[in-house]
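Student: Letter by letter, the chains look like this.
Protein chains: 2
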Amino acid sequence: MGFDHLLADRTRAMDVNVIREILKVVSQPGMVSLAGGIPAPESFPMEIMRDLTSIVIDKYASKAFQYDPTEGFGPLREALVDYLRQKGIKSTKEEILVASGSQGVLDAIGKVLISKGDLVAVEAPTYLGALQAFTPYEPHYVRLDTDDDGLDPASLEKALDRGGIKFIYLVPTFQNPTGRTITLERRRQIAAIIKKYNALLVEDDPYGSLRYRGQDIPTIQSLAPGNVVYISTLSKVFAPGLRIGFCVAPELIRKWLVIVKQGTDLHSSTFNQALAAEYIAGGFLERHLPNIINLYRPKQEAMLSALDSHMPDDFTWSRPEGGMFIWAEGPRGLDMEKLYWKAVEKKVAFVPGKYFYTDPGEGMETMRLNFTMADEKTIDWAIKTLSECIR
Amino acid sequence: MGFDHLLADRTRAMDVNVIREILKVVSQPGMVSLAGGIPAPESFPMEIMRDLTSIVIDKYASKAFQYDPTEGFGPLREALVDYLRQKGIKSTKEEILVASGSQGVLDAIGKVLISKGDLVAVEAPTYLGALQAFTPYEPHYVRLDTDDDGLDPASLEKALDRGGIKFIYLVPTFQNPTGRTITLERRRQIAAIIKKYNALLVEDDPYGSLRYRGQDIPTIQSLAPGNVVYISTLSKVFAPGLRIGFCVAPELIRKWLVIVKQGTDLHSSTFNQALAAEYIAGGFLERHLPNIINLYRPKQEAMLSALDSHMPDDFTWSRPEGGMFIWAEGPRGLDMEKLYWKAVEKKVAFVPGKYFYTDPGEGMETMRLNFTMADEKTIDWAIKTLSECIR
Chain A
1 MGFDHLLADR
11 TRAMDVNVIR
21 EILKVVSQPG
31 MVSLAGGIPA
41 PESFPMEIMR
51 DLTSIVIDKY
61 ASKAFQYDPT
71 EGFGPLREAL
81 VDYLRQKGIK
91 STKEEILVAS
101 GSQGVLDAIG
111 KVLISKGDLV
121 AVEAPTYLGA
131 LQAFTPYEPH
141 YVRLDTDDDG
151 LDPASLEKAL
161 DRGGIKFIYL
171 VPTFQNPTGR
181 TITLERRRQI
191 AAIIKKYNAL
201 LVEDDPYGSL
211 RYRGQDIPTI
221 QSLAPGNVVY
231 ISTLSKVFAP
241 GLRIGFCVAP
251 ELIRKWLVIV
261 KQGTDLHSST
271 FNQALAAEYI
281 AGGFLERHLP
291 NIINLYRPKQ
301 EAMLSALDSH
311 MPDDFTWSRP
321 EGGMFIWAEG
331 PRGLDMEKLY
341 WKAVEKKVAF
351 VPGKYFYTDP
361 GEGMETMRLN
371 FTMADEKTID
381 WAIKTLSECI
391 R
Chain B
1 MGFDHLLADR
11 TRAMDVNVIR
21 EILKVVSQPG
31 MVSLAGGIPA
41 PESFPMEIMR
51 DLTSIVIDKY
61 ASKAFQYDPT
71 EGFGPLREAL
81 VDYLRQKGIK
91 STKEEILVAS
101 GSQGVLDAIG
111 KVLISKGDLV
121 AVEAPTYLGA
131 LQAFTPYEPH
141 YVRLDTDDDG
151 LDPASLEKAL
161 DRGGIKFIYL
171 VPTFQNPTGR
181 TITLERRRQI
191 AAIIKKYNAL
201 LVEDDPYGSL
211 RYRGQDIPTI
221 QSLAPGNVVY
231 ISTLSKVFAP
241 GLRIGFCVAP
251 ELIRKWLVIV
261 KQGTDLHSST
271 FNQALAAEYI
281 AGGFLERHLP
291 NIINLYRPKQ
301 EAMLSALDSH
311 MPDDFTWSRP
321 EGGMFIWAEG
331 PRGLDMEKLY
341 WKAVEKKVAF
351 VPGKYFYTDP
361 GEGMETMRLN
371 FTMADEKTID
381 WAIKTLSECI
391 R
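Line order of the protein sequences matches chains A and B.
Read in our numbering, the first sequence has 300 at position 300, and its numbers run on one by one without any break.
Read in our numbering, the second sequence has 375 at position 375, and its numbers run on one by one without any break.
Bound conformation, chain A alone:
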C-alpha cells in the first residue's frame, strides 16, 4: 500500500514542470537549446568570485555563516536601497525583503494572499515559474489580453471592474516568455487603474537591467508605489546559483511576507547575501553589467537577423530591446509542439508557447526562443534549421 491517499488536495492542481520535461531531451548530446531561460555561465563575474569570498570572510567572519533575520542580511538590504534608487525606485532598508530567488518571493506572495478559489489575474501568456509558485495555493486564473505593447489596460480594467481579483501578476519589462515591454503610456494607465480600484499588482522585473538598446522605462512601482509589490533578482546580473531575489512591498504585505518566509526557510543564505552585498556596494555589479550586456547584445542581434533571413513570411516575432527571449508566432492552426519534436530530431530545441497560457488551447502556434546560451553562429544555424522544419 502506497501513500497516494495522504497527498494534499492541492497536488491535484499541480503538474510536473513541462519545461523541465522538455529539457530532459535538451540535455541529449549535440542538442542546440533555445529552450532554456538560464544565463550564460560566461556572464558570471568568475574572475572576482575568489576575491569576493575573501572580502566577505575578512569583513563579516562567522557572522556570514550564522543564522540571520528573515528580512535579509542588513548590508545587502542597504546596498539594495542604492541599487534600486538608480532604477528610479525609492525605498528604505526596512522596505526591502530578501528571498531565496524571486521564486521565493512569488511563493510567499501566494501563501500570503491566495485562498483556494481566489482570482489571480495574469497576462496571456505569462511566466511559468509564477504559475508554479501560485498554483499550489489553488487560485483561479483570470486571463488578461496582451499585444506587442504588453498588457492591454482595458483588459485589466474590465477584470478589476468584475471584482474579486486578489492581485495582478505582470512581467512588464522584456517579459518571459514574449520579450515584450509595456509602454510608458500603458504603464501610466495601469498605475491609474490599480490606484482607482485599490488593487495590488505584483511587478516582476528580473530582466530590466539587461537592456541592449533604447531607453529605460519607469517601473510601474515608481508610478504607484502604494499598490505594487516590486520583485527583482540578482540571478541575471550576478549568479543564479546564489538564489538571491528581493522585493519592495507595501507595509502590510511586507509584514506577512516575512512571517510566511520564516516558516518556509527561516531566511536566505547569509553567506550568499553577504557576497551580494559586497558585489553591489563594492561597485563590482556596476562595472560588470556592461560585460553581460556586451555578451548578450550580439546574440540577440544574431537571432533577430537569422529570423529575418530564414523564417517563412507567415511568421511574426517580437523585437525586444533587452532580456533573454524572443517570441515567435506562426499561422493559426500550426501545432508548435509537433514542430518541437521535428526540430528536436534535427537537434534544435525551444519551448512551445502554449505552456505559458493559463487557458487550454491558447497559443498553440507560438514559441519561445532563448538567445543567451548559444553563440551567434550556432543561433543562425538553429533558426535556419527551425525554418526548414517549418517549411
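A couple of the hints might just be wrong.
Which copy? The list can't say, so a pair holds if one copy fits it or any two copies do.
To be verified - Calculated pairs, DSS-like style, for lysine-lysine (alpha carbon to alpha carbon, straight line, at most 25 Å):
id: 1; residue 1: K196; residue 2: K90
id: 2; residue 1: K377; residue 2: K63
id: 3; residue 1: K255; residue 2: K116
id: 4; residue 1: K354; residue 2: K338
id: 5; residue 1: K93; residue 2: K63
id: 6; residue 1: K342; residue 2: K354
id: 7; residue 1: K87; residue 2: K347
id: 8; residue 1: K377; residue 2: K342
id: 9; residue 1: K93; residue 2: K255
Read the hints as simulated data drawn from the structure, not as lab findings.
Since the structure of chain A is already known, use the hints to place chain B on it.
Tutor: For chain B alone, kept in the frame of chain A given last:
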C-alpha cells in the same frame, strides 16, 4: 484603504513567531541568553572556509554559480550517501533531496501532505519551527504524550487507531525543546506501530551528531525505512547561514517534495551545496565534529551542575546526552512567563515552555534552556540568577 481584505484565510491561523518577539528583549546589551537555539559561532570551521571556497571555485568553476536541479547538487547528494551510511541510514543518491535548511523540507512536507483540517500528530511539547512550517497549511494538531523516554508509543497507537492522521512529526534524538531522546525499545515499538498502520512518520534529526556521552541509538528511519521521511541538516555541524538541509523519503513523497520545492525556490544555493559537498567528501566534517562536541560538552556539564547546585527542590530537568537544550519543569501552578520577565530584569533570558505546546494552557510551568551560546562561568551565573528569581 489597506490590503487586509486581501490576506489569505490561512493568515488567521498564523502568529508572529513568539520566540522571535522574546529574542527582541534578548538583544538588549548585557543580556545573557539561554533562550536561543543557535550554534556558537566558535563551532563553525572558520579556519577552513577560505580554503573550501577555493576548492569549490577551482573544482566546479561557473557550475557552482549556475541554476541546478531542484533535487540537489549531484556531488552533495553523493557525499550525503556516505555520511548517512555512517549514521546507519541506507540510501542512494536518488533518494536524497537537498533543501533550504531542514525548514525547507518541513515546509515542503506541509505543502505536499496537508489539506485544510487534516490531522498532524506531534509530541507535546514539539519543535516550534515545525509548527510554523505546517500551520500555514491549516492542519489540526493531534497531541501525543511524552515522558522522560520521549514519545509514549501507546499514545501514538491510540491516535493512529482513531484514524485520519496524515503524518506524525517527531524529533526523536535530543529533542527541541526537551533534549530528550526516545529509547531504542520505544523506537522499535514506534517502528512496529507505523508499519502496522502504514503510517508516515517525519523524523527530524538536527542534533543526532551532537552526542557528548553514551551510545548512538538507531534512527526510526533505519527501523522502518518505508514509512519514514528522515530529515537532517548541516546547520549544527557546518554552518546554519548556508541553509543546507536534506531528507531521505519514500519514493512517492520524494517525487512530490521535488515538485513543490520547484515552485517554492527552484533549488537551494548551488555554491553552498558545493561547499557542503567538499566539506563532507574532503573529510573536513569528520575532523571538525570532535571540536564542536568538545566545545559544547563542558557547556552542557556546566549547566547540569549549576542546576544541581542552585535550583529549588521542586524543579526537575532533563539530563540529555547531547544536543543543545535542557528542559526544566517547576511545580504545577508556576507561571513561567511571569518568571521570564523577572529574569529578564536580572539580565537572563530563556524560553517559557508553553510556546512548544499545541494545546493552550499546557506547559505553563516549563522552560527551555540553551547552553551552546554562553561560556561555562556565565552559564553558572545565569542559572544561579534564575534560581534566585524563582525563590
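Student: Could you run down the list of hints and mark each one as holding or not?
Tutor: Hint check:
1. K196 x K90: Only inside one copy: K196 and K90 sit 22 Å apart there, 60 Å across copies, limit 25 Å.
2. K377 x K63: Result: close only across copies, 24 Å inter versus 47 Å intra.
3. K255 x K116: Intra 22 Å, inter 23 Å, cutoff 25 Å: intra and inter.
4. K354 x K338: within (12 Å within a copy, 61 Å between copies)
5. K93 x K63: The answer is within: 19 Å in one copy meets 25 Å, while 32 Å across copies does not.
6. K342 x K354: For K342 and K354, only the intra-copy Cα distance (17 Å) is at most 25 Å; the inter-copy one is 63 Å.
7. K87 x K347: neither (40 Å within a copy, 45 Å between copies)
8. K377 x K342: within (21 Å within a copy, 74 Å between copies)
9. K93 x K255: For K93 and K255, only the intra-copy Cα distance (14 Å) is at most 25 Å; the inter-copy one is 39 Å.
Figure legend: structure checked against the earlier numbered hints; the only hint not met is number 7.
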